[in-house]
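Undergrad: For reference, the chains in residue letters:
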Amino acid sequence: MKRVFWIVAISLAGLVGGYFLVIPRLGQAGDVSIDDTIAGDTKRGAYVATAAGCYTCHTDDKGKGEPFAGGRALKTPFGTIHVPNITPDKETGIGGWSLLEFKRALTAGVAPNGTHYYPAFPYTSYASMTDQDTADLKSYFDALDPVSRETGPPELFWPVSDRSFVGVWKLLNAPRKPIDADTGPAGAQISRGGYLVEVLGHCGACHTQRSRLGGFTGPPLGGNTRGPGGGKVPGLRALGRKWSADDIASYLSDGMTPDGDFVGGEMAHVIDHSTGKMSETDRAAIAAYLVGLAEDG
Amino acid sequence: MSTSRHFLIAITVAAGAGLLTFHFANAHSGATGVVKERMEMMKSMGNSMKELAAMVRGKQEYDAGRVRAIAASMQGHAKMIPAMFPKGSNKMPSEAKETIWSDPAGFASSAKALANYAGKLAGAADNQDASKAAIGDLGKTCKSCHTGYRLKKQ
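Here the protein sequences line up with chains A and B, keeping their order.
Note that this note's numbering gives residue 426 to position 174 of the first sequence, counting from 1, and the numbers run on in steps of one.
Note that this note's numbering gives residue 149 to position 145 of the second sequence, counting from 1, and the numbers run on in steps of one.
Here chain A stands alone, though its shape is the one from the complex (with noise of 0.2 Å):
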């Protein structure tokens, strides 16, 4: 008896204080640095934001809300989380945010207050952003008119609705390496498409298999059965032996599948919103990267 009392108050000690010491470290991204004499442009800033695809979380569509402000609804298996407003209110949006904050949230998704942000924000995939990207990304949203709209907070159960134990779910799912530039001839286009792909585009945040705990567990863009609304979505390492280049190019300007068919769900916003806004070499990129996958096996 005495030695099954110890047993259980030395598990609860360790418990307790694996969850006020040791959780509240993890993740925190301490080390996240940038040169705040950054000049931002505006102009290169929206289109970062396209290519990064804010608009259509951040934006309630169906509620006719204004573009950047949140409140959509975002249903996840977790609950529903109501999405941020991202124009630069000062009570209820990011103004006034340091530029380093903006990074930290963007890149290692931990908020000014220290707090994590949940995984449904793809910081993993932003991880690897410029630091010009993420100046000029900043500039352009402090550049928009700030919208006063409170976004509450997200509807999850617990223990998902403890914020600190996201911090376990980063140390389980550390962020994806930095792209490195390819120097073959070609290199200059793919390397834009691995970064356009991997990172801004964040598309493996829905095209790579997730595990009921959200985490990932495919191979990158090897396909979803867990997609957004329920869906499956396609795996995209081997769409470059039946679509071409300009297959690819020409689904990411218009949703026009090869065979005629045309695209639905959460891909035609992508579409809409992101790559169907962004420019005929950048669309040829991400073809030439999704290719050269299929090439790679």
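No wet-lab data here; the hints were simulated from the structure.
Check the hints yourself; a few may be wrong.
Reference listing, derived: stretches of chain A covered by chain B, where coverage requires no fewer than 3 residues with Cβ under 8 Å from a Cβ of chain B [to be verified]:
1) 269-276
2) 511-518
Not close to chain A: a few residues of chain B, all C-beta gaps over 12 Å, as computed [stated by the list, open to error]:
3) 10
4) 47
5) 140
For each residue, glycine too, the CB sits at the ideal point set by N, CA and C.
Given chain A, put chain B in place with the hints provided.
TA: Chain B only, in chain A's frame:
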């Protein structure tokens, strides 16, 4: 039960499971009745869009008469859409989203938009530029309806 009986039951269950898997393995095959009809109709509209796109992109010679014929055919199909989605017809392998029945007005209005744009294309067929724009609008309509009312489950 005897071992041979067990074996017989196991074989039957396995065969049944195998048959069911085969039945559902392919999106279109296994579809019957109105689900099959509308899938074939959508596929035919897809083929039409493919041909129209080829003409717009210069991969196929532009032929106003052909465009008019395709547009007329799509307009006819579009008018049939609402009737081909009776309540309760969204069992596998259907890709119909339940919003078709929870938002019938929206669905009907999407189908009507398709009929309208197909009609516009028929009227614009002799003018290649107007026709190009009309084909773009047609594609946007396909995409828009699929966004709200289609869910690929396989």
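Undergrad: Three residues minimum, CB to CB under 8 Å: does the segment 511-518 of chain A make the cut for coverage by chain B? Let me know.
TA: holds (count 7)
Undergrad: Closer than 8 Å, Cβ to Cβ, for at least three residues: run that test on the segment 269-276 of chain A against chain B and report holds or violated.
TA: It is violated: at least three residues are needed, and the segment 269-276 of chain A offers just 0 whose Cβ sits closer than 8 Å to chain B.
Undergrad: Measuring Cβ to Cβ, find out whether residue 10 of chain B lies farther than 12 Å from everything in chain A.
TA: 34 Å, holds
Undergrad: Would residue 47 of chain B pass as off the interface with chain A, using Cβ distances and a cut of 12 Å?
TA: 8 Å, violated
Undergrad: Minimum Cβ separation between residue 140 of chain B and chain A greater than 12 Å?
TA: 7 Å, violated
Of the numbered hints given earlier, the model fails hints 1, 4, 5; all others are met.
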